[in-house]
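Just need the whole structure built from these sequences, with the hints factored in.
Given next are the chains, with one letter for each unit.
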Amino acid sequence: MSGNEAIARAAYEGRVNVASGYPGTPSTEILENLVKYTDKASDLYCEWSPNEKVAFEVAAGAAMTGARAMVTMKHVGLNVAADPFMTMAYTGTVGGMVIVVADDPGMHSSQNEQDTRHYARFGKVPLLEPADSQESRDFVLAGLELSEAYQSPVLLRTTTRVSHSRSVVTLGERQLQRPMPAFDRNPVRFVPIPAYARKMRVALEDRLARLKQAAECSPLNRMEMRNSELGIITAGISYQYVREVFPDASVLKLGWPFPFPDALIRDFAGKVRQLLVVEELDDILEQHVKALGLACEGRKFVPGIGELTVPVLQQSKAKMEGKPISAAALVSQARDLPGRPPTLCAGCPHRGMFAALKYHDVIVTGDIGCYALGVLPPLSKLDTILCMGAGVTMAHGMQKAGNNRKVVGILGDSTFFHSGITGLLDIAYNRGNAAIIVLDNRTTAMTGHQDHPGTGRTLMGQPTIHASIEDFGRACGIKHVHTVDPMDLDGNIALLGEVLQREEPSLIVARAPCILSEKPVDPQPRKIDAEQCVACGQCVGIGCPAIECADGYPHVNELLCNGCGLCDRVCDLRLVQPAK
Amino acid sequence: MTTTQTSITSVILVGVGGQGILLGSEILARAAMAAGHEVKTNEVHGMAQRGGSVVAQVRFGREVFSPLVPEGTACAMAAFEIIEALRYAHYLAPGAFAAVAQHRIIPVTVSSGQASYPLDAEARLAQAVPNHTLIDAAGMAQQLGNIRTANVIVLGALSAALDLPMTAWRSAIDAAVKPAYRTINHAAFDAGRDAAHVVR
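Line by line, the protein sequences give chains A and B. Letter 526 of the first sequence, counting from 1, is numbered 526 in this note's numbering, and no numbers are missing. Letter 13 of the second sequence, counting from 1, is numbered 13 in this note's numbering, and no numbers are missing.
These aren't lab readings, by the way, just hints derived from the structure by calculation. The structure displayed is predicted, hence computed values, not measured ones. Hints may contain errors.
What the hints assert, rightly or not - Simulated crosslink set (DSS-like; lysine-lysine; CA at most 25 Å straight-line):
1. B:178 x A:40
2. A:319 x B:178
3. A:290 x A:212
4. A:319 x A:271
5. A:124 x A:36
6. A:519 x B:178
7. A:406 x A:319
8. A:300 x A:323
9. A:580 x A:519
And the structure:
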């Protein structure tokens, strides 16, 4: 199973009662798999929360009653949840609480490459790092025990290659029923008003010292003695690359790297002649080993940008040994092939709104989701991305700065509920006039179609409210709220013209289901009238993968076309009609 | 066939998001497990799946550490699109085999005039990977009655280069596809395997 499936399995085996999260690659499949166990585990509750901060607090509340809890998110999600994270280190937990955070070295599907290990040290919270699927299972179970024993939340950090690689996992039985959750009032523990928080602050350091002692002799940290010439300290997926590139080296594998097991590190350093630290992203271990006064190398040979791989480490090894880089490491990719970046699907409703925006001279502040793909040519109609919600707020900031072009903010339905609402409130409250478009495709599409407060369904498959984006807009004080079909090109071009002239803010909800979640039953593929086509490029300008144009004249690939008809609407000659 | 440095067999499956690459890698991984190997695989999720170039990696042997295939070490490749075969050819070891679908999917970068589709893709493939078989997988799949079996046809061709017993492949297909589609997928696998010409 994958690392994410193994984490879900462990949550089931370990009798986690409450599991919450917000979707984000590479963490999403944990809850998607865990919810499958709810059929046979009546004491297991799972939810997609509107954002990571909410998810974290839901899990924290559960854990304070003595229940076991898990919260999952991607690395940037912990930024959103950083507020409760930092203080929960103070209040601690009663039931076991594991915070699963998945990093994305190499940025396969992320906007930055931050290293979550900093948060462990920042928050003074123990950190576990599995190196494969088996450890992903084992470490969740160990983390729950550890969390209860020390009354501290535990951070479990995976990376893309741990979460999305598959390897064999030996499963265990589900643990025995745990006592019923019951919250015991204890303000000195759970209410960090300054008088109590100062005591918690001292207790936190004491707990960290005890955790350090436990990490020194934990089986999660393992010394593998081979040749004493070279010793390598490593953690997580890097361990796998180390074993392949340095098969003879001794290895200190840190499954529980923080609090740093100093005595263990010193002991290992004393047993080898040369010490190397191999870690992905930041040089956290290396700097600590050096601070201990131990001579070691790390960043000098091992790069800190992007993910490590066997060839990357082979180059590090060659550099260390002063040898030329081996021929195998030098094989390079053919550079002159046409790129194939991800693109909005054929029939994607987002494309309709981008096509309409192309008729206006506007700055478009974007957000995190499929619509981020609108930045690429030929659409090229998205100008900024910062984080979830910033599509709304940055539009407001640009407008307030006195910027001389009109600004339109774009975000999705899931990101609107995640952190768009507060931004919209800000625009109305502070008398802004930015226009905000919510591309509402009724799902969290990019991460693989998860439900959210607007879909009418929970993660556990129960029917629920359909939160209305329009109502939120009106409640925030936005007077001009429009609901449109994103494929109504002429209507949307005209509406945008009207909205951009206004001195008041507007909210446009462009609603049509994601083409992947609601495939047309009987799509009518289009066909371009080749006789009359003048190759003006309007239709290829919408960047639809079904419109192929390899020889100057476009044609529609009928296998890919979903029959949305947007290509016909942008064609000045209306030459693109249903094929049949 | 395994690489010379290690006893690990590395295989890559490449194509365009949505072509059934993950099913192909699942069947291969299950077959290798059924044959008694330790297996690790890696796949791509999220943004990389939206019609982009996709690679799945499978490694098996007595003991496997990295789930990622190092460049220059794969002994075989299944490619569901011809320029994707060229894009990942540097993952192959010298002499390695590639089963390649003739299929062309024009990327948006070509349609919008930012790049051109190489006209000499087949010649370049012959040069980059002399030991390969080009298969009209889409045409064969249509003949079998289901265009969606094209991926299993290419997998069948790939299987001709791997030392895994037929029984392992059969059980892997049975485990990975729904009962209603087993017969047609076995037929697709056999058709692909028969079409392959592997130089050993």
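Tested hints:
no., hint, in the structure
1, B:178 x A:40, "23 Å, holds"
2, A:319 x B:178, "50 Å, violated"
3, A:290 x A:212, "18 Å, holds"
4, A:319 x A:271, "23 Å, holds"
5, A:124 x A:36, "33 Å, violated"
6, A:519 x B:178, "21 Å, holds"
7, A:406 x A:319, "53 Å, violated"
8, A:300 x A:323, "15 Å, holds"
9, A:580 x A:519, "19 Å, holds"
Comparing the model with each numbered hint stated earlier shows that hints 2, 5, 7 do not hold.
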